[in-house]
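Protein chains: 2
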Amino acid sequence: MSGVLYGVGLGPGDPELMTLKAHRLISSARVVAYPAPDTGESFARSIATDVISKDAREIPMVVPMRVDRFPAKQIYDEAAKTIAAELETGEDVVVLCEGDPFFYGSFMYLFERLSERFTCEVIPGVTSLTACASRLQRPLTSRNDVMTIIPGPLPDEAIRAHIDSAQALAIMKVGRHLPRLKALLQDMNLLDRAGYVERASLPSQKVLRLEDVADDAAPYFSMILIYKGDEAWTLPPSSSF
Amino acid sequence: MSGVLYGVGLGPGDPELMTLKAHRLISSARVVAYPAPDTGESFARSIATDVISKDAREIPMVVPMRVDRFPAKQIYDEAAKTIAAELETGEDVVVLCEGDPFFYGSFMYLFERLSERFTCEVIPGVTSLTACASRLQRPLTSRNDVMTIIPGPLPDEAIRAHIDSAQALAIMKVGRHLPRLKALLQDMNLLDRAGYVERASLPSQKVLRLEDVADDAAPYFSMILIYKGDEAWTLPPSSSF
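If you read the sequences in order, they're chains U and E.
Residue 1 is where the first sequence starts when you use full-length UniProt numbering, and the numbers rise one by one after that.
Residue 1 is where the second sequence starts when you use full-length UniProt numbering, and the numbers rise one by one after that.
It should be emphasised that the hints constitute simulated quantities derived from the structure, not laboratory data.
Note that beta-carbon positions come from the ideal geometry of N, C-alpha and C, so glycine has one too.
The hints are all genuine.
Result set (BS3-like, lysine-lysine): computed pairs, CA atoms no more than 27 Å apart in a straight line:
id, chain 1, residue 1, chain 2, residue 2
1, U, K81, U, K54
2, E, K182, E, K206
3, U, K228, E, K73
4, U, K182, U, K206
5, U, K206, U, K228
6, U, K73, E, K228
A few chain U positions that, by computed beta-carbon distances, are all more than 10 Å from chain E:
id, residue
7, T39
8, F118
9, L190
10, L191
11, S204
12, Q205
13, D216
Using the sequences and the accompanying hints, generate a full structural model.
Structure, rendered in structure tokens:
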């Protein structure tokens with residue numbers, strides 16, 4: 001009897017935003033796997049650090065942080081092989097996933113390699129999307145709003161068309177695209193409706209109205225939220241966050 | 001010193017998908033408020049029922065379930081007044097919210113009435129969006145996908161345009177629009193890429209490929225998820241859910 005592959009969402013970063021189910025599965029796991037950068041700490045592991053059992057066997061999946069080489073096919077092939085070996089002995093494997101495993105998550109690279117051979121259960125988590133909205137003190141969507149989630153690397157014209165046709169928008173993975181996105185939103189007269197959040201719910205989080213963000217670049221874990229629907233919600237001043 | 005208004009996301013229905021923070025705040029709350037239908041049980045309260053302290057004072061906000069009268073301005077005016085009276089005595093009030101308070105949630109009606117006068121903290125929760133994806137055993141989005149969330153009541157032409165311009169789509173609040181939406185997706189040749197989930201994570205949940213859904217109507221808590229991006233993800237057969 002093979003073990004079960006669990007893809008467990010950990011939420012946006014604050015360990016208290018983990019679900020009770022994630023907590024139960026991680027604390028009783030004998031094998032945990034997680035993505036890790038080639039230098040420094042694994043973000044996913046850092047969220048769960050107080051929950052992982054001292055006796056657990058750990059499988060770090062080292063993925064270099066260079067965008068060009070992503071997805072690193074060979075790394076996931078190797079990791080899937082290591083995890084499959086555990087599952088075949090009947091051991092369950094808990095994969096730690098930032099946010100939600102199925103929402104822009106790297107868990108899909110394991111899922112597509114292993115879910116046909118093994119039972120796989122995905123535990124949804126709090127996404128950065130709603131975590132960022134909670135920090136901006138403004139609802140994300142209401143009633144019959146259309147909401148569109150746009151990756152920041154998309155070209156201006158594509159982003160502009162999506163912004164035109166939705167009431168609520170999130171631009172994710174802002175990173176080095178920050179100045180371009182800010183200029184675009186200024187051109188669309190939406191700068192005062194745009195909020196900026198990086199590292200939501202972590203001690204290092206940063207929350208500002210987008211017009212008050214002075215930086216030339218943002219980290220990968222950053223988001224711009226725009227609301228242009230009928231509700232009269234305005235953003236509080238940056239000083240109030 | 002006034003109390004704090006907490007808008008606490010409870011997740012999609014399974015009490016174990018509540019966050020640790022929601023659990024802590026609810027279990028120590030002396031006053032809890034929640035939306036309730038005019039007949040039958042409050043869904044939000046049912047998720048938290050084992051966590052609410054026996055000594056807690058409860059404020060049900062009875063909102064009739066007729067769509068035409070929503071939002072029931074007078075009901076939220078009254079509820080905000082009752083909750084404000086508690087906050088003014090220094091008591092914190094925990095408002096129980098299905099899913100996430102700021103993602104199509106009725107909590108906004110309290111938030112817009114109370115957040116300027118009182119400190120308000122929103123605790124994000126797992127949304128039905130990722131809960132449904134986990135049940136369908138298919139990732140929601142990957143890499144640079146654009147994802148659009150569409151309310152089912154929108155007219156066909158608007159829905160069609162959004163489907164054309166995104167890789168991942170969720171149609172929420174399917175309800176009585178089910179036959180129309182199914183016909184639209186068939187016309188767009190997307191029926192075999194569409195999954196259907198109702199009451200995700202509850203014992204009464206229903207998970208099917210959309211083409212196998214025979215019903216003429218769906219409950220309010222139902223969703224269609226479509227993936228038309230580059231990844232080769234297919235839906236498992238309905239019998240496997």
